[in-house]
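Engineer: Take a look at the letters that make up each chain.
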Amino acid sequence: KNQVEQSPQSLIILEGKNCTLQCNYTVSPFSNLRWYKQDTGRGPVSLTIMTFSENTKSNGRYTATLDADTKQSSLHITASQLSDSASYICVVSGGGGSYIPTFGRGTSLIVHP
Amino acid sequence: DAGVIQSPRHEVTEMGQEVTLRCKPISGHNSLFWYRQTMMRGLELLIYFNNNVPIDDSGMPEDRFSAKMPNASFSTLKIQPSEPRDSAVYFCASRRTSGDTYEQYFGPGTRLTVT
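Protein sequence lines correspond, in order, to chains A and B. Residue 31 in this note's numbering sits at position 31 of the first sequence, with consecutive numbering throughout. Residue 22 in this note's numbering sits at position 22 of the second sequence, with consecutive numbering throughout.
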């Protein structure tokens, strides 16, 4: 069964600090992995998307890494800001023509001043 | 572009009533997805359409749920009869099937409360 596990479930950090969120998956075959940011009361917004051949991708202060061999990904947030407080969701899509994504439960990040 | 548009944004109804959620995808996108999000289960894919045709509805929880896409610019998700356990946020998302590496764009969601 395809699964995406995220850790930690929740995280509280001080403004200006860095943090790293983890995503492990069992989806096979693999097509792509995406990280979404979901603010409270809004729909998810894509941060990064990586295919099999990519092992790192940045979007401003967000840097995602992918190790397709160990089926792990991380999202690193540098110099956190209050606006980074949100839920971060890891989504993995399978290959072989399947469009069905598998969602992680998300990591809830709270940035305190 | 206005993005994916969903209506209503909030819906409160009594158990047993019919509920219809609406979605207008981004113009030019040919795939549309309906998701449900709850605290307990996170985001779940209910059904997706490609070129207005339902491709996979294995996520639809039961026969009380139905979805239609009569044309490329409109889709509905209907629950009849509604039950309290259907309370959730329902998201619609759309994407193109070429060039975007399967990037999906989500609407703002409809928060459904069934009492």
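What the hints contain is simulated information worked out from the structure, not anything from laboratory work. Take the hints with a grain of salt, since some may be wrong.
[Stated by the list, open to error] With a cut-off of at most 20 Å between alpha-carbon atoms, the simulated SDA-like pairs for lysine to any residue come out as follows: (1) A:K1 <-> B:D56; (2) B:K24 <-> B:H10; (3) A:K57 <-> B:E103; (4) B:K78 <-> B:E103; (5) A:K1 <-> B:M60; (6) B:K68 <-> B:V89; (7) A:K1 <-> B:G42; (8) A:K1 <-> B:E44.
Engineer: Run every hint past the structure and note whether it holds.
Structural biologist: Outcome of the hint check:
This hinted pair checks out: K1 of chain A and D56 of chain B have alpha carbons roughly 17 Å apart, not beyond 20 Å. For the proposed pair K24 of chain B and H10 of chain B, the alpha carbon gap of about 16 Å is at most 20 Å, so the pair holds. Of the supplied pair hints, the one linking K57 of chain A and E103 of chain B holds, its CA atoms being roughly 15 Å apart against a limit of 20 Å. The suggested pairing of K78 of chain B with E103 of chain B is violated, with an alpha-carbon distance near 26 Å, which exceeds 20 Å.
Under the criterion of a C-alpha separation no larger than 20 Å, the hint pairing K1 of chain A with M60 of chain B is consistent with the structure, at around 18 Å. The hinted pair formed by K68 of chain B and V89 of chain B meets the criterion: a straight-line CA distance of about 19 Å does not exceed 20 Å. Only pairs whose Cα atoms come within 20 Å are accepted, and K1 of chain A paired with G42 of chain B is accepted, the gap being roughly 17 Å. This hinted pair checks out: K1 of chain A and E44 of chain B have alpha carbons roughly 15 Å apart, not beyond 20 Å.
Checked against the numbered hints given earlier, this structure breaks only hint 4.
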